[in-house]
Structures are given as structure tokens and as C-alpha cells.
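From these two lone chains plus the hints, build me the complex, please.
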Amino acid sequence: MNSTSVAVVGTALGTPTTRREGWEKVTGTARYAAEHTPPRCAHAWPVPATVARGRVTAVDTTAALALPGVIAVLTPFDAPRLGPTDDPQLHVLQDTVVPHHGWYVALAVADTLEAAREAAQAVRVTYETDPDTPHDVVLTVDHPGVYTPEKANGGYPAHLEQGDAATSFAASPVRVECTYKVPPLHNHPMEPHAATAHWDGGTGRLTVHDSSQGAGPVRTALASLFDLPEDSITVISEHVGGGFGSKGTPRPHVVLAVMAARHTGRPVKLALPRRHMPAVVGHRAPTLHHVRLAAREDGVLTALAHEVTTYTSRVSEFVEQAAVPARVMYAAPAHLTTHRVVALDVPTPSWMRAPGECPGMYALESAMDELADALGLDPVELRIRNEPATEPESGHPFSSRHVVDCLREGATRFGWSAHRASRRDGPLLIGTGVAAATYPVLVSPCTARAHALPDGTYVVEVNATDIGTGARTVLAQIAADALGVPLDRVTTAIGHTTLPEAPLAGGSSGTASWGWAVHDACTALIARLDRHEGPVPDGGLSASADTRAHAKQRSPYARHAFGAQFAEVQVDTVTGEVRARRLLGVFAAGRILNPLTARSQFVGGMIMGLGMALTEHSTTDPAFGDFPESDLASYHVPVHADVGDIEAHWIEEDDKHLNPAGGKGIGEIGIVGTAAAVGNAFCHATGRRLRELPLTPDRVLAVLG
Amino acid sequence: MANHSGHSGQTSSRITLRVNGEEYTLTLDHRVTLLDALREHLDLIGAKKGCDHGQCGACTVLVDGRRVNSCLLLAVAQQGTSVTTVEGLGDAATPHPLQAAFVERDAYQCGYCTPGQLCSAVGMLAEVTAEAGSDPTTSARRSALTRDEVAERMSGNLCRCGAYPRIVDAVLDVIA
Chain Z
94 MNSTSVAVVG
104 TALGTPTTRR
114 EGWEKVTGTA
124 RYAAEHTPPR
134 CAHAWPVPAT
144 VARGRVTAVD
154 TTAALALPGV
164 IAVLTPFDAP
174 RLGPTDDPQL
184 HVLQDTVVPH
194 HGWYVALAVA
204 DTLEAAREAA
214 QAVRVTYETD
224 PDTPHDVVLT
234 VDHPGVYTPE
244 KANGGYPAHL
254 EQGDAATSFA
264 ASPVRVECTY
274 KVPPLHNHPM
284 EPHAATAHWD
294 GGTGRLTVHD
304 SSQGAGPVRT
314 ALASLFDLPE
324 DSITVISEHV
334 GGGFGSKGTP
344 RPHVVLAVMA
354 ARHTGRPVKL
364 ALPRRHMPAV
374 VGHRAPTLHH
384 VRLAAREDGV
394 LTALAHEVTT
404 YTSRVSEFVE
414 QAAVPARVMY
424 AAPAHLTTHR
434 VVALDVPTPS
444 WMRAPGECPG
454 MYALESAMDE
464 LADALGLDPV
474 ELRIRNEPAT
484 EPESGHPFSS
494 RHVVDCLREG
504 ATRFGWSAHR
514 ASRRDGPLLI
524 GTGVAAATYP
534 VLVSPCTARA
544 HALPDGTYVV
554 EVNATDIGTG
564 ARTVLAQIAA
574 DALGVPLDRV
584 TTAIGHTTLP
594 EAPLAGGSSG
604 TASWGWAVHD
614 ACTALIARLD
624 RHEGPVPDGG
634 LSASADTRAH
644 AKQRSPYARH
654 AFGAQFAEVQ
664 VDTVTGEVRA
674 RRLLGVFAAG
684 RILNPLTARS
694 QFVGGMIMGL
704 GMALTEHSTT
714 DPAFGDFPES
724 DLASYHVPVH
734 ADVGDIEAHW
744 IEEDDKHLNP
754 AGGKGIGEIG
764 IVGTAAAVGN
774 AFCHATGRRL
784 RELPLTPDRV
794 LAVLG
Chain H
464 MANHSGHSGQ
474 TSSRITLRVN
484 GEEYTLTLDH
494 RVTLLDALRE
504 HLDLIGAKKG
514 CDHGQCGACT
524 VLVDGRRVNS
534 CLLLAVAQQG
544 TSVTTVEGLG
554 DAATPHPLQA
564 AFVERDAYQC
574 GYCTPGQLCS
584 AVGMLAEVTA
594 EAGSDPTTSA
604 RRSALTRDEV
614 AERMSGNLCR
624 CGAYPRIVDA
634 VLDVIA
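Sequences listed follow chains Z and H, in order.
If you want the working numbering, it's the position in the first sequence, counting the first as 1, plus 93.
If you want the working numbering, it's the position in the second sequence, counting the first as 1, plus 463.
Since the hints were made in silico from the structure, they are not lab data.
There may be inaccurate statements among the hints.
Stretch-level coverage of chain Z by chain H, calculated; a stretch enters the list once three of its residues show a Cβ under 8 angstroms from a Cβ in chain H [stated by the list, open to error]:
{"no.": "1", "region": "124–135"}
{"no.": "2", "region": "556–570"}
{"no.": "3", "region": "686–698"}
Chain H side only, calculated, beta carbon under 8 angstroms to chain Z, not exhaustive [to be verified]:
{"no.": "4", "residue": "487"}
{"no.": "5", "residue": "503"}
{"no.": "6", "residue": "554"}
{"no.": "7", "residue": "557"}
{"no.": "8", "residue": "566"}
{"no.": "9", "residue": "614"}
{"no.": "10", "residue": "615"}
{"no.": "11", "residue": "628"}
{"no.": "12", "residue": "635"}
Each pair of labels, with its calculated beta carbon distance range [unchecked claim]:
{"no.": "13", "chain 1": "Z", "residue 1": "717", "chain 2": "H", "residue 2": "477", "range": "37 to 47 angstroms"}
{"no.": "14", "chain 1": "Z", "residue 1": "241", "chain 2": "H", "residue 2": "610", "range": "28 to 38 angstroms"}
{"no.": "15", "chain 1": "Z", "residue 1": "497", "chain 2": "H", "residue 2": "609", "range": "32 to 42 angstroms"}
{"no.": "16", "chain 1": "H", "residue 1": "526", "chain 2": "Z", "residue 2": "143", "range": "56 to 66 angstroms"}
{"no.": "17", "chain 1": "Z", "residue 1": "124", "chain 2": "H", "residue 2": "477", "range": "24 to 34 angstroms"}
{"no.": "18", "chain 1": "H", "residue 1": "610", "chain 2": "Z", "residue 2": "688", "range": "56 to 66 angstroms"}
Computed from a prediction, not measured in an experiment: that's the story for all the values here.
Beta carbons are placed, not taken as given, at the ideal position from N, Cα and C, and that holds for glycine.
Excised from the complex, chain H in its bound form (with noise of 0.2 angstroms):
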């Protein structure tokens, strides 16, 4: 990251991201969120702003694999991070099975809040993964989550048309 260190009046820095497996070089102010980066600089538009205060969880993106809010991150603190959007989960061609899970049952409406709940959905299955840790049992405990738990577990994403039974049969169509 060039022009950063200490240097007083520096409000914006020269920084890469890596986003869906891609390297964008860019100029950014120290205020553009990862969201406003994604959104107004790059045109990945997949991320969608809802409320930009952590409350939403539309602009859910995976950082390093985690789910993350990202209008409450700073661009520029992302350099050297892996950024992974709903463009980066897959295309019409070769989509993510979760995306053609949401398609097939109608897991949505207006479809603003989707983006957030495929990344949340998409980081909350790694997390579980992850619990499970070397335990041989990984993708059985992955095929034991209840409603209950998945909903709990995707709570952090509002869906305001109220797609969340659908939301949940899509999560558990695809860990089945």
C-alpha cells in the first residue's frame, strides 16, 4: 500500500483488491467502504447497500472465506484479503447449487437482500464446516442441521418481502 505510513493529510492511498479471483488497482479515499468499493468503483453491484450501518446484512460478502459485513469494513484495509462476491459464487452457466437452489424454490421477491443471504448462506455452511474441524463426521454434521439452526444461524440477514421458509429450504436443499 503506497502513501500511507504517518503521513499526515493523506486521505486517500493507491491499493490492490482481489476480488472473485480478480486484482483490481485503484486510488480510493480511506472512507469508501469494501461495499462502496465493490459497488461504485469496480460495478460489481451484486452487494447491495441496505442500510450501511451493519444492520442488514445485504452487503454480505466473503472476506478470506468469512461472511462479513461490508459496508462496515474499509476498502483500504483490505489489501492482500480475498474478496468473494455473488458475481464470484458462480454465473447462469455454472452456478453455485445454492443459487440454483434459491431459483428453484422461489427463495426470494424483490431480490435485493439475495446477494447477502447466498454469500451469509455460503460462509454460515463453511462455518459449520469449520466446527466440525477434523472431525471425520464433517458432512454429517452439515446434513444434521435443523431449520431451527440454520434460521438462527442466517439471522443477520433481513428479508423484508419474508422469503425466509424458502431461504432455509433452499440452505437445507443443498446440505442434504
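Just chain Z, same shape as in the assembly (with noise of 0.2 angstroms):
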């Protein structure tokens, strides 16, 4: 039902092309985690812990099994015992210790939903806490507990630093020192995490419908937790309602419904309540920021020193990596950074699209254009004299770097020069901001197989993942350019772990390590059809691929997409609403394979950008421990009418450094830069700097004074 037929063989990429799933998605018979209910399906449904750091002493479950309907309730005195795993966060139900609210203390599973909601309410669950050591949930940039980690998420060096900031920053003739505030932010995807799970306890057989962006890493995690063989254990994550990093580790969820199911030998469904989410699914940590620019006259860098400090939870360590992003943006012959983190009674953070990029670049951003406003320099122009001939951190090439041509490209667009001057309408003031934007180029090895049919037809097999993202329709047309076929002649097959083993969908590295083993193993078809002789036979031929030994992330290399954002925003002096007008992004991303699905992604990253900017924000509640906005009502993702006109444009990047089909990566650039160039627009209207995100009415009323 494609509406672009491709007739011209290997022009499938680079053609928009709707997506495959499409009419399943939108005559709803697209079937997500929670909607495969096999015979006797019972429903599960957790009990979170209402104290932030203490024991569990008892659990009386008697009035919660009384209820009609209700199979069992399982506590940490009763539940079966787990495996081994590398996520204490999967370890559920299997000690007394508290870490955080909402960790899990009980599940209840019953006949039906009402049934399980209502058992699960009816357990009564007495803590212990000690009052001499009261949790602690407030990150300070001076809290004692903060310490300089070894690593940060993505296995960076916490700390770099090379030159004398602190030296050249006084010799300097032009400086700023800042400090910004990025809040806790909650990924919400529209789909909670949910996972229906089969135990056949006959075969031994484990099936798994879980809401994951890799079915493969779920089911090597429940292998380990139940001690089954990996091949006893099917996981299927056919329709995924969007992840954004929260469904890349497998979660709580699925490890609570195989216990049930193994527990009830009943099938069990668990989909998370919404309100459960911020505390067992992830969360961007929030970010102190301290950045100090110091530049000539001129406007060229002398030094750059960018801090972090974030928290982690008492479970595991997490260390957002936002300093990371000042390492490949700007060059200086002193340049410093560093993060710290500290460990509190909080739920465990984890990635949100682009970890570490997104909050690291609102705060660098932010301080390139206050150092412009310093220099009396246009902050595009800023930006160009900056432009590192090599990659700042380690000194290697750039496998391709055109930041200055987006910016350039975008200026032109947006109407920069001609709109600069800042403007009063009646209560509103309106300006205009730009910040660039980065995101790492990532690649993961991965195997794939490909069938030739008799009917002339191809199945290409990948457990990739779709999760929003268009993976299936882009990787049928990387097939089929690969074997030289019209795209309606490819089929794929994804989100099973009966099909070629592949990594998840994450760090804007799913259709680079997928799209070359499906390019591989097309490749190999074509070559085993060529020494075919006669018409193919009835069982057709197949040819398999395996990225290992060439898919590797070190590379001669610096490999980055890199971006412009540009935002146009009207600030209301009565009622302190600041409002997008506009919003532009330019990218390089080498080449973008499906334009269609492509635009969707980059609009869609600089709208959670734009609700980073403005609207989304959490807070940890210093009385009880817990996220009080966590549910969609408290917690503002953006909607409809908060979008103005959004557009996405991309440079054509010809990168011969990266994988067969020539892509970045794209999912997660769009949200990198958005929230710098509407506070950078709000500063140019007002006149007034906001450092601490989002921008709410309180705050620029405050301001505006």
C-alpha cells in the first residue's frame, strides 16, 4: 500500500516512503505488549513502596487475597527467588530494602484488572525507616555525598582537561560564568511499559509479548533471572509505543510478569499505570550546570570549561554525560570538563533521548550566545570563528562536520539577519535565538538473513525494533537497493528474537548496525542466486550476514551529526507565557534514507525539545521522596496548540566513513539545541536571561519583574 512506487530498481533510498505499518496503525489493529491475551489470561498489577529509604518489615496480605478473583500476591517474603543480573533494578521482590518510592514491594495478580487493582490497594505494607538517617533526595551542587566518577553513561572519561582553565580564564579579555539548571525530565511514552508472559511449564517454554526497544537484550536478562536456556525464551516486540531510552533495558515489568506466570501457571499481563512510570522506567537526572567561555576579542575561544553535577540512585550508578558534548563542539588551549554526581535516595536515572547532548547543549548554547552578547558578536557568526579543524578531544578528522553549513543554511531559511532586531506587539516582546546541536555517531554489530522466494519475492530477518521510528520500511528499502529489486518486491521481519540475533534501538544507532547486515546479507544473496543455476527452488535460497568483524564504534574517525536550530518565541509580559512562533532545524546527517519518516523524527525531537524549553519539568518532593508531577496531567509534554510553525530541513552529507547506506543516525539530533535557541529567542526579547529550565510563567514574571 505504498503510496511511492518505486519502478526504477535501487532508487529505494532516498525516496519517501510511507511507512509498511501504517494501515495497521492507523485502523487499530496494530498490536502492542499488552494486547495479545492468550486463554486464562490473569492481570498483574505492582504495589509501590510509599517511603523513599527504609525496610520492609511485613506485608499482610490477608485482605488483599480475600478479595473475589484474586490468585496470589507475592512479597519480598515470598516471591521466588531470581538469577543473577546485571540491573539491580530487575532484582524484584527479592530483599526487604527500600531505595526509593515507588521501588516495588508487592504484586497482585488476579482473574481480572478490577480484581488485580483493587488487591493490589488492599496490601498493607509496614516500613522501617530510621529516623536518624531520613532520605535524602535534593541534589546540590555542594551536597558532601557528591564525588568525581570514572565514567560517565556511554563510557566517557568523567573528567578531561587539558590547558589551565582557571589561567588563561583570567587572562582573558572577554569571559562568562554561568551556571544553568536542567530539572528531572520523564520520557512518557504514550505506550506504558507493559508485557503479557506465557509459561508453559510442559515444554519449559517462555513466551514474552514486552512494550521494549530490543527483544533480544529482555530475553539474555530473563534467561539469566529464571535460569532458562536463551532458546526456551521467545520475547516479541512487534508494535512499540515509543521508548525515547526508556524502554532500552529491559524493566521491572516483564521480570514481574514471568514471576507471576511462572507462580500462577496462568498467563500473565502487567501494563504499567502511568503514575508508576517516573519511578521504575527511568529518568534524565537532573543537571547543574557551571560553564565559564573565555574568548580574544575577536570571539575565539581561549578557554572552556564545562562542569556537571548530577545524582544517581543508591541502586546503581548513572552518570548523565553532559559535559560530553563540549568535547567535539569547540576547541580552546584550555578546555576542562568534568562531571560529578552524587548517590541519593532516588529512582534510578537512565537514557532520555540524547542523554547527555540534550541538557549538556542547552547549557553550552546558552553560554555561547551570553558570550556573544559579550563580544557585541552575532552568535551564528560566534559559532563559525569557533569551527574546530579537527575534533576538539582527541584531535582526530571529522568523517564529515557541516554545523557551519546548517548554520548557514538556517539563517538563510529562518530569515536571521533580517529578523534580529527584537520587537514589542502590544504585551508581547518577540526574538529570535540559534544554538547548534550534536549527537554521536553509533554503530553496533548485528546479523541478518535474507531470502530469495521462488515468486520472485524477498524476506530480509532482523530483530530490530520499530518503535515509531519507520525501522521496517527503511530497511526494506535499504534491501532492496542492496539486491537491486523494486521495494514492493522486500518484505522484512523484525521484533522477534527468533530472528537474527541484532541490537536495540538506541543511541540513534538502530538502522546504521541493522541496515548493514541487512545490506550485507542482500549482498551475499545476490552472490549465492549468481551461482545458482535454474529458477529458484521451491524452499527459495538464503544467504546470512554478520557485522561483527567490520561494525566496530573506534574509527580513524570523529564521527558526529551535527545540526542548527533556530526558534522565533513571543513572550507575554502580562501573563509570562512564552510561546514558540517559530521553530527551525537544519541537519547533517550524512544521508537521510527516508525522508518521509525522517522529517517526522527531527520535528519530533525539537518538539520534546520545545517541552523541555517551556513546559516539562519534575521535581524531587524533599517530604515524601517521589516525583509529585508524575502523571501527564502534572507533567506537561507538549500538545498540539503548543507547536507553531516547525520546520526540518538537512544537508546531504556524502560520508564515506560510516556503513553501506551512508546514515548518522537521526533520532535523537532533533531534541539537541532546541531548548538553547528558545531561551537564547526569550533573552533576545526580553532582555533577560533565564538559566534554569523550563521557562513557566512564574519564572519569567519573576524575571520580567
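Right under this line is the structure:
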């Protein structure tokens, strides 16, 4: 049903192509993880802890078990024991320690959803808390527990330093020193995390439908936790209602669903209540930024220091790598980037769209704007003057870097110079801002299989996951061009652990990783077909590929996508409301493989960045230790009416140092820089700088005086 | 509706739901929402559960032509109404024009909010028509809808993927 028929062979890539699962999505037949209901399926509802630090001393299940339809209540005292795991968050109901508010302390299982919910509410949990060590959930830059970790998320060194930042800073004629604050942020994909687990005790087979960004890692985790061979477990993630990082690792819901299925002998469905999600599926940790920039009179940087303080949980260490983008963006003789972290009684932070780059570039690109102001220099020009010849951290050449082209193209399309004067329209102050964007090119080893069938069609198989990116579609495009056949002759099978092993959808690396293996499998299949004499046999012909040998992360080149974001905002001086009238992004991310779905991803990232700029924030409540903004009525993701005129454009890059399809990954860079561009436009409009996100009316009115 | 009148202790009732033109008679716990009745009892999984609190709009269906959050309605109270879900709007062979416009415009990504967006848009356009009443310029009123007005009227339906601009494009396509 593709709207675009590709008549000419070899042109599938680069052609706007509608999604292969589009009709299923618009007619309500695409089934997500909670929408597979085996016969006799029971429902589970978890019980979250109501204290932020302590120990469970008793769980009274009497009232819950007395309710009609209740099958079981599992507690830390009687839940089945689990095998080892790298992630302590998956060791649910294994001990009585409560490391944070919302940690699961029991699980109710019942015949119906209503009975499970009522049973969960009827469970009485008694806690022991120590008045001498009250919970501590508030991040401060001078917290006594702050330490410098060895590594930040992604394996980056936490601390890097060259030159002497303090001396260079003091000796430079133009300086800015600012602190910025990004609050906790929640991924909140529209589909809550869910799993349906079916344990067949007779055959020893476990089948799980899980809402996950990678069915493979879920299977690996379940095999260890439940002491099962991997080949006795099937995990299916066919349609996934968004993830944005929160479904990138196995989550407690799937462990609880399997535990309950094995314990009760019934299939069990568990869909997380929305309000549980902030505590158990990860979040973006708050970051406190201290940025110092120093420059010569001409704007060339002499010193750059980006120091980040963040928190992690007491369960495991996760350090948002927010100072890392400074190592890629700008060179300076004195260059310092560091991360400090403190373990608090908070839920474990994790990946949220562009971890590191997203909050880091908010701070760095805001500081660059402040430096431009201090210099009296156009902020676009300041960035152009600081364009490095090689990657500042490593000295490696860039495989391609077109940030200046993005800035120039964006300035032209946006009308940057013509509109640069701020203006007043009644109660509205209107201004414009700009910020750069960057995100690394990542790739992981992958396997794939390609089949040729006697009817002239092809099937490519890879355990990729389509979380809304259009993976099915773009992999078919890659296969069609590699095979040299029209697109409509290719089908893709993804989202199932019986398919060839593949990495998860994350780090904007899916298409590069999966596509590489698909390309290689198709190339091998062509060779096989060339060797074959006569028609394709009834069973078809197949070829496989494994990119382990060459799809390596390390390259002699520094590989990153870049971009430039422009914003025009209006600030209502009466109500304090900030609105983005226009957002325009230009990105350089290698070859754009499907312009239709790529534009959706870029624009979607920018809209999430708009939420970060204007409405999204969470807090750790000092009294109770939880996130008060735990639902969609209190945590404000953007709505239709928040989005004004928004455009995404790109510069086609022909980068030979990436992967066969030539793409850099586009899922995350769209969110990078948006908040800085909006914040910079706010400053341009009002003459006042807000250094804490989001730009809510209370803060706006306070700063406007 | 059987067994309902003041009979203390009664926790379920046998009711008939009319969904997409079909009648379904079933016994439901009084706590079952219309959303859960559709999803868990009728296997009509088009309507989605995003928040279960009327905050996200993913569960939007049409009841007697009006758009509603089906997670906020008790199924037992829906006897005698006519429910339309995304499955009832059309199928791939005979789609509603809005479904076709969503595919063409790429007005979605993960697809989880999509059924709610579609039902909401159909209900929204019906509201515009109803507001125009017997005014002979009804079709003109619909086609005069601006981007901003469509966005405002659709703001009860969240999309975390940020497909909003394309959704508005799709709505404007079908009223053009």
C-alpha cells in the first residue's frame, strides 16, 4: 500500500516512502505488548513503596487475598528467587530494602484487571525507617556526598582537562561564567511499559510480548533471572508505542509478569499504571551546569570549562554525560570538562532521548549566546569563528562536519539577519535565538538473513525494533537497493527473538547497525543467486550476514551528526507565557534514507525539545521523596496547540566513513539545541536571561519584574 | 440491563454494548471502563490506554458521534449508546479519508496515540458541523478551519512522538 511506487531499481533509498505498518496503525489492528491475551490470562498490578528510604518489615496480604478473583500476592518475603542480573533494578521482590519511593514491594495477581488493582490497593505494607538517616532526594552542587566518577554514561571519561582553565580564563579579555539548571525529565512514551508472559510448564517454553526497544536484551536478562536457556524463551516486540530510551533496557514490569506467570501457572499481563512510570522506567537526571567561556576580542575561545553535577540512585550509578558534547563542539587551548555525581534516595536515572547532548548542549549553547552578547558579536558568527579543524578532544579528523553549513542554511531559511531585531507587539515581546546541535554516530554488530523466494519476492529478517522510527520501512529500502529490486518485492520481519540477533533501538544507531547487516545479507544473497543455476527452488535461497568483524565503534575519524536550531519566541509580559512562534532546524546527518519518516523524527525531536524549554519539569519532593509530577496532567508534555510553525531541513552528506547506507542516525539530534535556541530567543526578546528550565510563567514574570 | 435495580451486593451486570454497528451482550464487573470493555472483553484493541485518567486522549472513541475519553466512562452505563472505535471508521480496503490522510502525511510515528487522534478528529469535525447548525455555509465553516483552530481543538490528544504538525496537515487535507 505504499503511496510511492519505486519503479526504478536502486532508488528506494532517498525516496519518501510511507510506513509499511501504516494501515495497521490507522485501523487499530497493530497489536502492542498488552494486546495479546492468551486464554486464561490473569492480570497483575504492582504495589509501589510509599517511603523513600527504609525497609519492609511486614506485608499483610490477608485482605487482598480475600477479595474475589485474586490469585496471588507476591511479596519480598515469599516471591520466587531470581538468578543473577547486571541491573539491580530487575531484582524485584528479592529483598526488603527500599532504595527509593515507588520501588516495587509487592505484586497482586488476579483474574481481572479490576480485581488486581483492588488487591494491590488492599495490600498493607509496614516499613521501618530510621529517623537518624532520613531520605535525601535534593541535588545541590555542594552536596557532601558528591564525587567524581570514573566514567559517565556511554563509557566516556568523567573528567578531561587540557591546559590551565583558571589561568587562561583570568588572562582573557572577554569572559562569561554562568550556571544553568535542568530539572528531572520523564520520557513518558504514550504506551506505558507492558508485558504479557506465557509460561508453558509442560514444554518449559516462555513466550513474552514486551514493550521494549530491544527484545534480544530482554531475553538475555530473563534467561539469567529465571535460569532458563535462551533458546527456550521467545520475546516479541512487534509494535512499540515509543520509548525514548526508557524501554532501552529490560524493566521491572517484564520480570514481574514472568515471575507471576511461572508462579501461578497462568499467562499474566502487566501494563504499568502511568503514575508508576517515573519511578521504575528511568528518567533524565537533573543537571547543574557551571560553564566558563573566555575569548579574545575577535571571539575565538581561549578557555572552555563545562562542569556538571548530577545525581544517581543508591541502586546503581548512572551519570548523565552532559559535559561530553563540549569535547566535540569547540576547541580552546584550555579545555576542561567534568562530571560529579551524588547517590541519593531517588529512582535510578537512565537514558532519555540524547542523554548527555540534550542537557549539555542546552547549557553550552546558552553560554555561547551569553558570550556573543558579551562580545557584541552575532551568535551565528561566533560559532563560525570557533569551528574546529579536528575533533577538539581527540584531534581526529571529522568524517564529515557541516555545522557551519547548517548555521548558514538555517540563517537564510529563517531570515536570521532580517529578523534579528527584537520587537514589541502590544503586551508581547518577540525575539529570536540560535543554537548548534550534535550527536555521536554509534553502531553495533548485527546479524541478518535474506531469503529469495521462487515468486521473485524477498524476505529480510533481523531482530530490529520499530519504536516509531520507521525501521521496517527503511530496512526494506536498504534491502531493495542492495538486491537491485523494486521495493514492493521486499518484506521485512523484525521484532522477534527467533529472528537473527540484533542490537536494540537506541543511541540513534538502529538503522546503521541493522541496515549494515541487511545490506551485507542481501549482497551475499545476490552472490548465492549468481552461483545458483536454474530457478529459485521451492524452499527459496538464503544468505546470512554478521557485521561483527567490521561494524566497529572505533574509527580513525570522529563521527558525529550536527545541526543548527533557530527559534522565534513571543513572551507575554502580562501572563508570563512564552510561545515558540517558529522553530527551524537544519541537520547534517549523513544520507537521509527516507525523507518522509526522517522529517517526522527531526520535527518530533524538536517538539520534545520545545517541551523541555517551556513546560516539562519534574521535582524530587523533599518531604515524601517522590516525583509530584508523576502523571500527564502535572508533567506537561507539548500538546497540539503548543506547536507553532516548525520546519526541519537537512544537508545531504556523502560520508564514506559510516556504513553502507551512509546514514548517521537521526532519532536524537532533533532534541539537541532546541531548548537553548528557545532560551536564547527569550533573552533576545526580553533582555533578561533565565538559566533554569523550563521557562514557565512564574519564572518569566519574576525575571521581567 | 439485568440485576441492577437497588440490589445490594450486585457487582456485575449483563449488558448489551453496541460497537461499530455490532451488538455484544456480556456480563461485566461494574468497575470495567468502556476502554477496558473494548480492549479486554471484546478484543477491540484500537482504543489505547495511555494514562487511564482522561489526561492523554489515547482512548478517545465516539459515543453517539461525540468524542469521549473511554477510560472515564463505565461500560455498564453505555447500554443503549452507539460506540464507534477506530476499527469502525474504516479498514485498509475502505478507509475513512482521515485514515488515508494519516498514512500519506506520516501523521504518526509509534502509532499508539493514532486511533485516539483519528476518533478525536472525526468527532471534532462533527462538532464544527454541529456548531454551524442549519447554516447553509456548513461546508464553508469546516473548510475555513485554520491550523491554529484545528490544533486548539485537538489539544486533548497527546502525541509524545511529536507528530502534531502532520496530524493537523492530515485534518486539513480531508476538509479541503
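Closer than 8 angstroms between Cβ atoms is the bar; does residue 554(H) clear it against chain Z? Give me holds or violated.
-> The hint holds - residue 554(H) has a Cβ within 8 angstroms of chain Z, the shortest such distance being about 5 angstroms.
Could you tell me whether the CB distance from residue 610(H) to residue 688(Z) stays inside 56 to 66 angstroms?
-> Violated, at about 22 angstroms.
Interface restraint verdict for residue 566(H) against chain Z (beta-carbon cut-off 8 angstroms) = holds (4 angstroms)
Check of the region 124–135 of chain Z against chain H for coverage (Cβ-Cβ below 8 angstroms, three residues minimum) = The restraint on the region 124–135 of chain Z holds, since 5 of its residues have a Cβ under 8 angstroms from chain H and three suffice.
Chain Z contact restraint for residue 503(H) - C-beta distance below 8 angstroms = The hint holds - residue 503(H) has a Cβ within 8 angstroms of chain Z, the shortest such distance being about 6 angstroms.
Does the Cβ pair residue 241(Z), residue 610(H) satisfy 28 to 38 angstroms?
-> violated (49 angstroms)
Under the criterion of a CB-CB separation shorter than 8 angstroms, is residue 614(H) in contact with chain Z as hinted?
-> This hint holds: residue 614(H) lies near chain Z, its Cβ roughly 4 angstroms from the closest one there, short of 8 angstroms.
Coverage assertion for the region 686–698 of chain Z with respect to chain H, Cβ distance below 8 angstroms, three residues required = Answer holds; 8 residues pass the 8 angstroms Cβ test.
Distance restraint evaluation - residue 717(Z), residue 477(H), Cβ atoms, bounds 37 to 47 angstroms | holds (44 angstroms)
Holds or violated: the region 556–570 of chain Z covered by chain H, criterion of 3 or more residues with Cβ-Cβ distance under 8 angstroms?
-> That given contact holds, which follows from 4 residues of the region 556–570 of chain Z lying within Cβ reach (below 8 angstroms) of chain H.
Falls inside 56 to 66 angstroms, the C-beta gap from residue 526(H) to residue 143(Z)?
-> Since the Cβ atoms of residue 526(H) and residue 143(Z) sit about 37 angstroms apart, the hinted range of 56 to 66 angstroms is violated.
Can the suggested window of 24 to 34 angstroms be confirmed for the beta-carbon pair residue 124(Z) and residue 477(H)?
-> Holds, at about 28 angstroms.
Hint violations for this structure: numbers 4, 7, 12, 14, 16 and 18, all remaining hints satisfied.
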